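S.K.: As a plain string of letters, each chain reads:
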Amino acid sequence: ETGVTQSPTHLIKTRGQQVTLRCSSQSGHNTVSWYQQALGQGPQFIFQYYREEENGRGNFPPRFSGLQFPNYSSELNVNALELDDSALYLCASSSPSDGNTEAFFGQGTRLTVV
Amino acid sequence: KQEVTQIPAALSVPEGENLVLNCSFTDSAIYNLQWFRQDPGKGLTSLLLIQSSQREQTSGRLNASLDKSSGRSTLYIAASQPGDSATYLCTTGGQAGTALIFGKGTTLSVSS
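As they're listed, the protein sequences go chains Z and E. Numbering (this note's numbering) for the first sequence: 1 to 114. Numbering (this note's numbering) for the second sequence: 1001 to 1112.
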């Protein structure tokens, strides 16, 4: 059984640019959630995808968008990057529709905006 | 709106001590409670998941309890080791599929 994998592990972007982060969910999991973790803080919910549809969203602006593919992998896209977008971005997978509510996280992508 | 608080924010103990990390939450209508470990700059490792109908879960030297009525959970670590040094995060889950709400974590340092 493969775990949750994220790519890339580190990324440096310039303010105003766009970025795409990727996540492969754990085998058999159909739900992917994205979180942003600023330094010294707990992760904050960005949004969740279930069967290729957005299934909940946190308090993040529309320039944060996502996709989920038929194989349940997912992308997080951030447009018009701002300095405050610098954070660790975490992807979590689960399968609550199957009664499996335990969330498993990837190793994260460290995004630095300069 | 659910709020999760973890106390203390930081804890330093000598190797071998037993210790307790505390987590409190404001809305008792939770679906589950999960404890994670996070090493610096890394992702989250799931330690224990307690369903809302359960009172506690155990894994090795770790024991987590849940008291929904009082809005509290504790993570007990027995015979601490330097390898236990990390940040421990508590999170509550609502209905299946909803967002996890995290506390800010307790940073544990175990000295040899």
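Keep in mind the hints are simulated off the structure, nothing from the lab. Here the structure is a predicted model, which means the values were calculated and not measured. Misleading hints may appear alongside valid ones.
Covered, in the sense of this in silico footprint (three residues per stretch, anywhere, with C-beta under 8 Å from a C-beta of chain E), are these stretches of chain Z [what the hints assert, rightly or not]:
| no. | segment |
| --- | --- |
| 1 | 22-32 |
| 2 | 102-112 |
Keeping only pairs whose Cα atoms sit at most 30 Å apart, straight-line, the calculated BS3-like set for lysine-lysine is [as the list claims (entries may be wrong)]:
| no. | chain 1 | residue 1 | chain 2 | residue 2 |
| --- | --- | --- | --- | --- |
| 3 | E | Lys1068 | E | Lys1104 |
| 4 | Z | Lys13 | E | Lys1042 |
| 5 | E | Lys1104 | Z | Lys13 |
| 6 | E | Lys1001 | E | Lys1042 |
| 7 | E | Lys1042 | E | Lys1104 |
| 8 | E | Lys1001 | E | Lys1068 |
For glycine and all other residues, C-beta sits at the position ideal for the given N, C-alpha and C.
S.K.: Hints first: check each against the structure and report whether it holds.
M.R.: We went through each hint and held it up to the structure:
For the segment 22-32 of chain Z, the assignment as covered by chain E is violated, since 1 residues bring a beta-carbon within under 8 Å of that chain's beta-carbons and 3 are needed. Interface restraint, the segment 102-112 of chain Z with chain E: holds (8 residues with C-beta to C-beta distance below 8 Å; minimum three). Only pairs whose Cα atoms come within 30 Å are accepted, and Lys1068/E paired with Lys1104/E is accepted, the gap being roughly 20 Å. Of the pairs offered as hints, the one joining Lys13/Z and Lys1042/E holds, with about 20 Å between alpha carbons and a cut-off of 30 Å not exceeded.
Between Lys1104/E and Lys13/Z the alpha-carbon distance is near 27 Å, which keeps this suggested pair within the 30 Å criterion. The suggested pairing of Lys1001/E with Lys1042/E holds, with an alpha-carbon distance near 28 Å, which does not exceed 30 Å. At most 30 Å may separate the alpha-carbon atoms for a hinted pair to count; Lys1042/E and Lys1104/E meet this at roughly 15 Å. Between Lys1001/E and Lys1068/E the CA atoms are separated by roughly 16 Å; this keeps the pair inside 30 Å, and the hint holds.
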